[in-house]
Amino acid sequence: DQQVKQNSPSLSVQEGRISILNCDYTNSMFDYFLWYKKYPAEGPTFLISISSIKDKNEDGRFTVFLNKSAKHLSLHIVPSQPGDSAVYFCAASSDGGTSYGKLTFGQGTILTVHP
Amino acid sequence: DAGVIQSPRHEVTEMGQEVTLRCKPISGHDYLFWYRQTMMRGLELLIYFNNNVPIDDSGMPEDRFSAKMPNASFSTLKIQPSEPRDSAVYFCASSLDPSGVATGELFFGEGSRLTVL
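Protein chains in written order, with the numbering used here: chain R, 1 to 115; chain U, 116 to 232.
Computed list of lysine to any residue pairs in SDA-like fashion (alpha-carbon distance at most 20 Å, straight line):
(1) U:K183 x U:D172
(2) R:K37 x U:M155
(3) R:K102 x U:S181
Hints listed in this document are in silico derivations from the structure and should not be mistaken for laboratory results.
Required output: the full structure, derived from the provided sequences and hints.
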């Protein structure tokens, strides 16, 4: 049972345009959300995160939006660059107890940015 | 500063053989995680350690899988006997402290790609 879902396996955008990657979750105990980026033959690297007490977090070209009522978050990349082409994983965690520090990942979305 | 180091990078073995994957976390990190990546399920947490002690192994698929962390700088994930459905990329990750984990600052190794024929 996938508690974190990325329903779009792939996304293709033109350089300079906006990329929007989506993620849905089912576990209402999740209170921290993250995006990781992964290049081929490399491990995932942390990109940006958001706490459930916020609805937006911005870092340069990357912005993450959280809609708790819809259990949905999205990652916006503006403007998109060819170097952003990678697999993007959404992840979530819940605080405290035995689940502390345990990240649940989605299946990933392959982003391709065309020059 | 060296990152998380995993070995081997690639492993091809036959069904029934024992497989041992190795991980050296970043020095000073006290959390260590083993993840498995497949096309169908993405990244799945198998087990994680805190100060060398296994905290949660609920993600370990079955008894054929075992993981150890004999000291702060070394961990192994063993599969015995291996099966074709174990074919995947296995990632090790480490984190500095609880606050680091809470902010998502997991540092991943480059992964070990396992193929079981």
